[in-house]
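Peer 1: Residues per chain, in single letters:
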Amino acid sequence: MDLTCTPEEEEFRARLRRWLGEVLPRLPAPPAATDWPGRRAYDTAWQRMLYDAGYAGLHWPRDAGGQGATPAQHLIFLEETERAGAPYVGANFVGLLHAGPTLAAEGTAEQRARWLPPILRGEEIWCQGFSEPDAGSDLAALRTRAVRDGDTYVINGAKIWTSHAEVADWCELLVRTDPAAPKHRGISWLAMPMDAPGVTVRPLRTLAGSTEFAEVFLDDVRVPAGNRVGAENDGWRVTMVTLSFERGTAFVGEVVACRRVLGALARAARANGRWDDAVLRRRLGRLHAEFTALWRLTQWNVSEAMRAPARGGQRGSGGVPGTGGSVFKLRYSHARQELYDTAAEVLGAGALDADHEWVADRLSSLSYTIAAGTSQIQQNIVAERILGLPKGR
Amino acid sequence: MDFQLTDEQRALKDGTRELLAGRFGRDRLRAAVEDPGPDRALWRELGAAGFFALRLPEKGGGVGLGLPEAVLVLEEAGRALLPGPLVACQLLAGVVDGVATGEKTVGLCEGAREPVLWEHPAGCDELILVEGGEEGGGEVEGDEEEGARERTGGAYRSASDRVSCAPFASVDPLTPLARVLDLPRTDPVALDVPRLRREAALLTAAQQLGSAVRTVEMAAGHAREREQFGAPIGSFQAVKQLCAQMLVRAEMARSAVYAASITESVLDITGAKLLADEAAVRNARDCLQVHGGMGFTWEADVHLHLKRAWLRAECWGAAGEAEELLAAGLIA
Ligand SMILES: Cc1cc2nc3c(=O)[nH]c(=O)nc-3n(C[C@H](O)[C@H](O)[C@H](O)COP(=O)(O)OP(=O)(O)OC[C@H]3O[C@@H](n4cnc5c(N)ncnc54)[C@H](O)[C@@H]3O)c2cc1C
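Taken in sequence, the protein lines are chains A and B. When you line the first sequence up against the UniProt record's numbering, it's residues 1 to 393, in that order. When you line the second sequence up against the UniProt record's numbering, it's residues 1 to 332, in that order.
Accuracy of the hints is not assured; some may be wrong.
To be verified - If we take Cβ atoms under 10 Å as the criterion, some of the chain A residues that face chain B in the derived model are:
{"#": "1", "residue": "301"}
{"#": "2", "residue": "384"}
{"#": "3", "residue": "387"}
To be verified - Calculated Cβ distances over 12 Å to all of chain A for the following chain B residues:
{"#": "4", "residue": "14"}
{"#": "5", "residue": "34"}
{"#": "6", "residue": "57"}
{"#": "7", "residue": "117"}
{"#": "8", "residue": "157"}
{"#": "9", "residue": "158"}
{"#": "10", "residue": "159"}
{"#": "11", "residue": "285"}
{"#": "12", "residue": "296"}
The hints are simulated quantities; they were obtained by calculation from the structure and are not laboratory data. A virtual CB, placed ideally from N, CA and C, is assigned to each residue, including glycine.
Generate the whole structure from the sequences, applying the supplied hints.
Peer 2: Shown next, in the form of structure tokens:
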């Protein structure tokens, strides 16, 4: 058991810190949270800066255009960028954190060459077209059809809750290619260009007031068969790879952010006198333990993933994270909500000001127990896959 | 950074588990409920296996390992519900002769709280009392000397039969308690009291972790076997969710406790104790729920985990103090 960084890791950290110190002061002010085109431009520009400095796709394999960094270096990267107040992945989220890694793990050489470099350079934005109006938690019940016509698929159906669809160039799309097969068997994973004729995006307003997700309607959309990742009807397996990236690593950087917010909360409470309330103070103390432990759990999971290839464990497959991600996501999503509820207590009537950063974050934190698989679904996963409880009926 | 057990650590943990399973199985556990020992023969055996000399230097016949290893071993002891003054013997093996080999036993008592409770009064040859030296303490006005003692703490040793006690009905049948009436302060020992406190808290947390992990296994095992409505109860979502939450609590506690054993920082240890206490207590309760009526019987082992967890949660920093300390750490 070792938490110290190697000299190479410390050197990596120092170099990154220097670089952040140079570039961050020159960044323009971020756009308004509701300005999606503005946010796209801002987030992709930041990605381009990372690319030029050699930090793009840090933990992606080298043959996928990444830097082949160890997961430990990736953790350092997340820790340092967050600490320095660097922009968050934002609109690049799907591409960098799960579509890209899925393409790297499952795509052909041609597919990787086509799609990975623009993700890394911040030129193309991806979205995730998995959920449908009648297929959310029961994702395999999806009905969007893709019918083969020579070398193309003709797609009809509708997707929902598609984050960043408004500004995306590509969509990782799940379609049913064999309606006769059992529901998990007839699915395929496609890369669909969002500007293809027949794609209509209708933004949905979230409870936070923004349009971060949308409905996507697909009418006779034609997608080349070469855009299919994995074999036809083998899309469920590919989907599991995508989901494990989504749950396994996608939230890690945010833990550092939460720790920073917690410190700021305590100082704010001291300044406005709420600190004198012992109940509130104790709540803050408990959250301190909580977020420290979440960071340790992250380090534990990452170390386990780093070791897995050597041990030949199932986690080793292409760096795909294991069920530890579900354990983390479960606890983290609730802790985050608790954090911002506590922020509201600190703010008092200020918690009614929707323009306050903590209030906006409180609203968005409500999605964490739903998006990327609800808490109930994560609990089923933990109970069935880790504890070996029988499948429910 | 490789925050996973090394092969040696894994072997130590597995070895301890096997040793305890062989020497302190279910029958012995139930016998201990009637007569909570410590069992001197087992104590010597543990001593011979290096259980208490774990952190003493190899030169003096110790095993030469560190705090992380002590944590792993105590996690296993907590899992097995091994009774006895475990933390005291682990921490004082280099201080009181005969403890390292398991020939003698020593108790450790917190003098700063009322009432002053002593675990296993009949099973200890000696008692060490500590006072002061709490984190965040030391703000005593006036008397300079008193202030300094508050910060650094004091420790005193005494033969057991010289300590005057009153009976105290322990909620945990595996941990007899006595109330110390007259604090034995005649024989000071040079000990780093703040450090002793920190380590006692961490090793207590390690036992809580072991218990929390064990109760998840007990609950999941029962949920796989027990049938109602023609199906294993583990196929029902309400039961699944209880079990999943238990696992999450145990894994959080594990990360926190293991990390604290490496950093040894006050805040890490305090947070780890808080989460491990929560994991042990809540998991035992949920385990009881999963066992239904059977869980409420004396015959089932669940209550033994719960009662022990309650007891440990009161030792070396209870929730309220821990939360205050952690809160203060946010603005320090
Ligand atoms: C902010 C946000 C962003 C999102 N982004 C995307 C995206 O980019 N792409 C995408 O494809 N999807 C996205 N989603 C969709 C998300 O994955 C789904 O909302 C989620 O999986 C739940 O599905 P549902 O909304 O249909 O709810 P339902 O599945 O209808 O669930 C409703 C309730 O029933 C419970 N429930 C359902 N089944 C079970 C069961 N078996 N056991 C116990 N309880 C159950 C759920 O836990 C929930 O409480 C996003 C969602 C949000 C909130």
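Peer 1: Please go over all the hints and tell whether each is borne out by the structure.
Peer 2: Quick rundown of the hints versus the structure:
With a least beta-carbon distance of about 9 Å to chain B, the hint placing residue 301 (chain A) at the interface is held under the 10 Å criterion. Because the beta carbon of residue 384 (chain A) sits about 7 Å from the nearest beta carbon in chain B, less than 10 Å, this interface hint is met. Interface hint at residue 387 (chain A): satisfied, since its Cβ lies 4 Å from the closest Cβ of chain B, which is below the 10 Å cut-off. Taking the minimum C-beta to C-beta distance to chain A, about 15 Å, the non-interface status of residue 14 (chain B) holds against the 12 Å cut.
Distance check on residue 34 (chain B): its Cβ is at least 33 Å (rounded) from any Cβ of chain A, clearing the 12 Å threshold; non-interface status holds. Listed as outside the interface, residue 57 (chain B) is consistent with that label: its C-beta sits roughly 21 Å from the nearest C-beta of chain A, beyond the 12 Å cut-off. For residue 117 (chain B), the non-interface assignment is confirmed: its Cβ lies about 24 Å from the closest Cβ of chain A, beyond the 12 Å cut-off. No beta-carbon of chain A comes within 12 Å of the beta-carbon of residue 157 (chain B); the shortest separation is about 33 Å.
The beta carbon of residue 158 (chain B) sits about 35 Å from the closest Cβ of chain A, which is more than 12 Å, so the claim that it is off the interface holds. No beta-carbon of chain A comes within 12 Å of the beta-carbon of residue 159 (chain B); the shortest separation is about 39 Å. Listed as a non-interface residue, residue 285 (chain B) keeps its Cβ farther than 12 Å from every Cβ of chain A; the least gap is roughly 17 Å. For residue 296 (chain B), the non-interface assignment is confirmed: its Cβ lies about 22 Å from the closest Cβ of chain A, beyond the 12 Å cut-off.
In terms of the numbered hints stated before, the structure departs from none.
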